[in-house]
Structures are given as C-alpha cells and as structure tokens.
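Peer 1: For the protein sequence lines, the chains are A and B, in the order given.
FYI, in my numbering the residues of the first sequence are 1 to 224.
FYI, in my numbering the residues of the second sequence are 1 to 224.
These are computed hints drawn from the structure, not numbers from a lab.
Label-pair ranges, simulated between beta-carbon atoms:
no.: 1; chain 1: B; residue 1: D11; chain 2: A; residue 2: P109; range: 31 to 41 angstroms
no.: 2; chain 1: A; residue 1: H30; chain 2: B; residue 2: E210; range: 48 to 58 angstroms
no.: 3; chain 1: B; residue 1: P109; chain 2: A; residue 2: V59; range: 49 to 59 angstroms
no.: 4; chain 1: A; residue 1: E209; chain 2: B; residue 2: V195; range: 38 to 48 angstroms
Stretches of chain B that chain A covers, calculated by requiring three or more beta carbons in the stretch to come under 8 angstroms of a beta carbon on chain A:
no.: 5; region: 124-132
no.: 6; region: 164-175
Glycine is no exception: its CB is placed at the ideal position from the N, C-alpha and C atoms.
Number of protein chains: 2
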Amino acid sequence: MHRVKVRVVEDALDANNTIARANRDDFDRHGVTVVNLMSAPGAGKTTLLERALRDLEGVRVGVLEGDVQGSLDADRLASLHVPVVQLNTGNGFGGECHLDANMVRSALPALPLEEIDLLIVENVGNLVCPAEFRIGEDVRIMVSSVAEGEDKPLKYPLMFRACELVVINKLDLLPHVDFDMERYLHHLDAVHPGVDTIRLSARTGEGVEEFRAWLRQVPVRAPA
Amino acid sequence: MHRVKVRVVEDALDANNTIARANRDDFDRHGVTVVNLMSAPGAGKTTLLERALRDLEGVRVGVLEGDVQGSLDADRLASLHVPVVQLNTGNGFGGECHLDANMVRSALPALPLEEIDLLIVENVGNLVCPAEFRIGEDVRIMVSSVAEGEDKPLKYPLMFRACELVVINKLDLLPHVDFDMERYLHHLDAVHPGVDTIRLSARTGEGVEEFRAWLRQVPVRAPA
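Produce the entire structure from the sequences given, and follow the hints as far as they go.
Peer 2: Okay, here's the thing in structure tokens:
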C-alpha cells in the first residue's frame, strides 16, 4: 500500500514539473522573471508587497494571488495600480493548500505578460506543500515572522531549504516576543547554509528598501 | 481528468473516515476523550499546552505530537511528566502537511490509553488540510494568534468551521499589532456562528485557566 502511495505522489510531482517547465517557457518567451513568495499564514506576505511594490521603480510588476478562498489580498493590492490576478484553490473539498503548476497555468491568460518584467506569485500560506510544487518560477522567497518562533527552520526544513531568500519579518515585534535571532539564524544555517536573509518590518517599513533592491536584481540573477 | 481527481480524493477521505472510526472505537473502549489541536505554524499550540497541562488537576492527560520532522515540541512537553508520543509525517517527499487517521492509528500502541482520560493530539501547523482529515477525535480546537491578522477566518473558512473552540492566543501582543478584535469576531461569526471562543496569552498565562476549565469539561460534553 505504502509503495503504491509513494508512486502516485511521484507521478503527480513529475506531471507538475512538466507543466512548470511549460509555464517557464511561456515566461521566458515574454521576458518575465517569476518569484514564488511563500510563508505560513499571517507572516505578512501581502503587507510586504503593499510596502515594497509601491516604490519599486524601474521594474514593471504583476502579482498572482493564491488563496483558498476570497480575494482579500488581491483587493488590498488593487490600489498599487499593478496587474493583480486572483487564483482560488478552494474548489472541491476544503481547498488545496498550495499552488501547483497547473493552477498557475490556468491563470496565465489573465496575466498581461507582455507588459510586465517581474511576476510575483503569492502562494497559499503553508509551510509544507508549497515547497513541493514548482510553478515555473525563477526564485523562491520565504517570509518568516519573529512571532512564529525561532524553531521553524528545524520543523519545516524543506521550505527553508527550497528558497533563495529568507525574509525575517515583523522585526518591530522583537521586543515583545521570545525570539532569539542568533538561535534562529543558527537553525536556518543548519538547514540551508549561506542562504540570503533580510530582516525587516513590513509594518514600519524598516528594511524594506533592502528587499526592494533584492527584488530589482532578480531578473539579472535569473539564468536567461 | 478533474472528475477522476475528485473521485480519488473522495476515496481517500472515505478510507480515512473508516480508520478514524476504528481509532474512535479504541479510544471509547479505554474511556479516552480525544482533542485534535490545530493551528497555523507558530500560533502557540505547544506553549499553550506547556502552560495549561501543568495545572490541569483531576484529568490524566496524554499528548500525541505531530510534526513534519524532529521532536522539539515533544521535548518541550517532557518536563510535564505526562505521556508524550512523537509522530513524524516527514517520510517520503517533504512530509505530510497534516495528521491522518492512519498515522494516529500507527501511534496507538505507543500510547498508554488505559492510564489517561484525555488525549491531546497536536496536529501539524497548517490552516488547510488538518481540517479535512478526521483522526477519531471528540472535539477540535483551533488556536489562532492575533499576530496572524484578523482576516484568517475568511481566508481559511473550513478550518474555523471544523472546530468546537477557537482560542485567540498572544493577547499580550494586541497593543503591538494591527488587529481589530471586533472585526476578527465578526469574520469568525460569519464562517462559524456561535462557536466558543477563549482569549488568552499562553506566554503570560492570562486566560489560560478558562482554557483549562474548557478542557476539563470535554470528557463530560463528548457523547458516550
């Protein structure tokens, strides 16, 4: 039984990777670099985008919002005057806990790829499954919040390993929570040695300019 | 294709429910009431248990810790001198993002069911899939943190609907975050009218006695 289950899972991931490559071909054809933005629920992905995209000069950005249900996050980003497309995973039973390549593919016709340089895909808030499904992205960014505790890299290692940047958000809460930054960085280094990190507060704006700078050089970093 | 996928999912949930009922029979035979404790990563489930179980007189408690990897939470609870069993979901590819009835069943031989009245199963931190998989529990408790934002009931409605109690944790952070309690309760009421709520801070201890009282009456509430 177990063997069969693993086989089915592997087949599903193979199928996903095939579609992810097709997405990637489409993105490449339009010269669009893609960021897969992942985090636990409530880590502050949308607030970070609200802050960072407002002054991201020189890059034409689009956003694909993944949520189980509703369009709250897409609505929040509407005032930024960038193209935002909402993708809901909640058909069927309770909703999918992640975006997969096929869901992203279904949203491509709604995205003005020829008008953007950088597409940011805000994944469903979850620290497990989003890391397992490639969507055709160039880089992955993981947003972690100091309110979540310093043990998260050890408890969800795949997620922290499957990204090129770890944003440590809600720095303004640091005086009010039991979070030892040195210990967190030690844990992170154990699961993903040398990964880029940026400490910021999306709420106050502290550190957000460093995040903007990182975003601006993503198209340069990404392999052609 | 879509139809086939939904059919497979339904079969999987049917199979899960059958095993959940077998678990439930075993729990009933031993007179054990079971709580399924769910939340997003870092909402404070383990800290809450550390606080609440220390002085939960009159009830013999056991804990089943579900994590993708590691035994950090089980280690933290070891000092409580209650039986704690760790269950890791991380075999195979990246780890399962929830506990299912079969995983819990595999842990039953390690649990001294004849020596406990109340089993608390700490699920994997995730706001989607744990709500979809019954494990043989009597009641479900959802721990939500004010640091996660007031929109979570609307974004993850199944999770907030599939529980008998919503704990609103990290009350001590309320002055430091943008969280409108009235709006949160309004959202919660929209997805699960009348559900019990307890506001507390597992960190400071405020409100934890009310949570203990709620736990103590679980065996009484549960159908025989």
